[in-house]
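Visitor: Below are the chains, spelled out letter by letter.
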Amino acid sequence: MMSNSPAVQAARKKMQEARLAQKSSNPENYPAFYASQPAQVERARLWDAYSNSVDTLNKAREDLEVALITGENLDAAKEAYAIASLVAERTKPPAHSAQLASNLTGA
Amino acid sequence: MTATNLFEDDILDLIFTNVAAPNVGDVGGLLPSATAGSWFISLHTGAGVTDTSTLQTASEAAYTNYARQAVARSLAGWTVASGVCTNDAIIGFPNSGSGPETETTVGLGSATSGAGNLQIYSALTANLVVNTGVTPQFAISALAISVD
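Residue numbers (this note's numbering), protein chains in the order written: chain A, 1 to 107; chain B, 1 to 148.
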């Protein structure tokens, strides 16, 4: 769940203002500016890690299919596939929908 | 198909802060409304709001004193960052003079009262039972909207 602490909201507002200033003053360069923001760099890093995990998982799946056909290195292929599955699952970045909330409270 | 992070923020900027979404068609992109206006936040009961709903009155809250709450489409009203838009101030509904009534859904629409146009909605994270004397509210950044 995304935090709604004042500090987090203030940080988000600060980045929004910087982004909108860039968008207004230089819309053509704005995409490059956006990509260089720390949050975007971090998100890109997470997605790269996930992409690599999926590539590894796909390779492990292929190796397992071959092993199931030939019987060669079957145990190693099964273990590699299990590990790759776990890594892919754990490196998947959170979707927005998992972070969102509509917290109505009664005072 | 999915929107890039950049375009997610651009669309949220346009919808919630009335800032142009650049580089669509031309550098200027999708332009802001001539009048920014406000989003009018509504509460709803039961399961009466769905993707096919069009009116803000759909299963709308009806406790005594209830009224929709306006949040300006502005930088002062909303924060957009990393694909998520959140409210900058408490969104407080009037103190209830009746009850119980169970609020299940929040809506965003075009009119302060009457039929209006319901354009965005979400199930509440947890239902809220409103009894006499209860004041429903969304704390700062407790209402989060994304484009994904």
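Treat the hints with care, as some may be off.
Said to hold, decoys possible - Cross-link-like lysine to aspartate or glutamate pairs, in silico, DMTMM-like; alpha carbons within 20 Å at most:
(1) A:K14 with B:D88
(2) A:K13 with A:E42
(3) A:K13 with B:E8
(4) A:K14 with A:E42
What the hints assert, rightly or not - Facing chain A, a subset of chain B residues (Cβ under 8 Å, in silico):
(5) L6
(6) V19
(7) N23
(8) V24
(9) L30
(10) Y66
(11) A81
(12) E103
(13) L128
(14) V130
(15) Q137
(16) A139
(17) S141
(18) A144
Please keep in mind that the hints were generated in silico from the structure rather than gathered at the bench. Using N, Cα and C, we set each Cβ at its ideal position, and we do this for glycine too.
Visitor: Check each numbered hint from earlier against the structure, then list the numbers of those it violates in ascending order.
Guide: Structure breaks hints 8, 9 and 10.
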